[in-house]
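Got chain A; can you put chain B on it based on the hints?
One line per chain: the protein sequences are A and B, in this order. Counting in my numbering, the first sequence runs from 1 upward without gaps. Counting in my numbering, the second sequence runs from 468 upward without gaps.
Simulated from the structure, these hints should not be mistaken for laboratory data. Be aware that a few hints might be false.
[Unchecked claim] Keeping only pairs whose Cα atoms sit at most 16 angstroms apart, straight-line, the calculated EDC-like set for lysine to aspartate or glutamate is:
1) A:322 <-> B:512
2) A:10 <-> A:267
3) A:169 <-> B:626
4) A:169 <-> A:23
5) A:367 <-> A:398
6) A:367 <-> A:333
7) A:367 <-> A:402
8) A:322 <-> B:626
9) A:10 <-> A:275
Being a predicted model, the structure only gives us computed values, none of them experimental.
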Amino acid sequence: MAAPQTLFEKVWRSHEVSGETADTPAVLYIDLHLIHEVTSPQAFTVLRQHGLGVRRPERTFATMDHSTPTRTEQVFGGAPITLEDAARQVRELERNCTAFGIELLGLRDARRGIVHIIGPELGLTQPGKTVVCGDSHTSTHGALGALAFGIGTTEVGHVFATQCLLQRKPRTLAINVNGALPPGVTAKDLILAIIGRIGVGGGTGHVLEYRGETIRALDMDGRMTVCNMSIEAGARAGMIAPDETTFRYLAGRPRAPQGEAWAAALERWQQLPGDPGARFDREVDIDAAALEPMMTFGTNPGMVIPIGGTIPQRSDDPVFAKSLAYMGFAPGERLQEHPVNVVFIGSCTNGRLSDLRAAASLLRGRKIASGVHMLIVPGSQQVKRDAEAEGLDRIFLDAGAEWRESGCSMCLGMNGDLVPQGHYAVSTSNRNFEGRQGIGARTLLASPLTAAACAVRGRVTDPRELL
Amino acid sequence: MEPIRTLRSRTVVLPASDVDTDQIIPARFLTTTTREGLGRHLFADWRYAPDGSARPDFVLNQPEAAGCSILVAGQNFGCGSSREHAPWALSDFGIRAVVSTQFADIFRSNALKNGLLPVLLEAPAHRWLLEHPGVPVTIDLEHTTLTLPTGEAVRFPLEPFARYCLTQGVDELGFLLARAAQIDAYESQRSLP
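Only chain A is shown next, with the shape it has when bound in the complex (with noise of 0.2 angstroms):
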């Protein structure tokens, strides 16, 4: 009998085309191949310089995120893009795109989004293929039970070239998340507490796996949330068993498999949940009840602390330093009750309907403080029109939010959405990196439940005390 497998090994065995060698990595096939705008231009320059073609343009999925504005006139009302270099990017996706046969949707397309949303919400990922795209947070596809993870844009140009990609096996980790996560607490805040507890590089060279009955009680949404974040442990991948809440989500998507069709899809994917006894590399376990809402202090994901904590203090640390310095924060403060310039909800961290959803419950009849600029950006232009279609855009701006077009926004500086140097940003977003929300901004990470709440107080707030 086989030794019993993890879902990783499953999904990884039957992509090899040539397995690993002492010498040579695996031939991995790749099942689906998203692409945007940023990280392709190159790979195809490379396609022209060698005479090459894309070998499978059906496995390859195009949309424009990145660089794209979120601003209605800009989008829909024939404005240009205002950042020069940025509208020649997407011009040049467009031409791309038509000159391999690639299908891209395109800037006023009604499918279009963050690419990391429009991949599970159009159904082109599915449990068990193998997804890449120039993008770190390609890891958020794992949710599905797919083997989903970032490349860089020379990798873009091989599976172009030959729908492969040389890979070494990584390591497993499982991260077992037990207990019920109490009220007010998310997957947002669980996620972050798991890249607090391994670590920003605690994932480096492994897959996770993440299991237990907490994520088995997560919906969708919230599975995304937490895999997409895996990368900020160090992990390329996170992935999650599908089972019947994956399913259910799945049926009647575009891109999902349909009729028959879906009746042997299903058969496949309940294979996919690891084997009993199937060994991981590494486990680490997590007491999802013991939790609290979560925010970042420092400069990078792994400097989090529960919100009703103080900043600690690592006095043989200079790195330590400086990154406090950076915030404007000291050892022993406490991150409750300091004043908030801008409020983000948004992001493939925390854009889908559930995320504004809840936001919306904080929000509803509620006012955000003078002087805070919230802006709430759908993760999809069909995230879009679900939330308005439930009224929640009405609430937003009744609240005295901005509510935009769907992109990346002001998750990362390169959109024209950005943080004013100096000030506070609490952010659904995935990173608090110096400088990622603009020059000098002080992001500081957190839940959408947290960042409504922090919007309202216009300080540092516990959304239980707003519930």
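Okay, now just chain B, sitting in the frame of chain A:
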């Protein structure tokens, strides 16, 4: 790709740990559609003040750094985004090797594809290099050693295929294209979803 057998240089030491790719090259420079000329944006927000003037206290702006091609950094170098613009910027600036105790997976992979060598050292040798900035060292890819000025040759791990590609100047794309028949066979055998 040019074959690399040995690298000799004085080191430039950037003692920060968890240096993320947003520091190596901030996102606002990613709207380019080419890979050339990114060296001028390397560590832009650490190198330059908001008015564009060079910050004299930043290590790469100091006269001793001129001509150094080996960067010694703190642990976990290159974490964060998958942007290959990070190794492109380092290479364009003239860095040929980065020394650390840990590299982020995507950065390491991207670096190797661009002839930028990630040298993974154990803590003692790494600490010695952090404490002795500007020393001349030699990196030998045949023997995968880094030789300190004390004469001590420290081994570092390098995946055999990566070493082969670097020392022979082999491009991975060519290697993959040569496997077209195997890929055809895989595609025809498997009922692909």
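Checking each numbered hint in turn, tell me which of them this model violates, lowest number first. Hints 6, 8 are the ones this structure does not satisfy, whereas the remaining hints hold.
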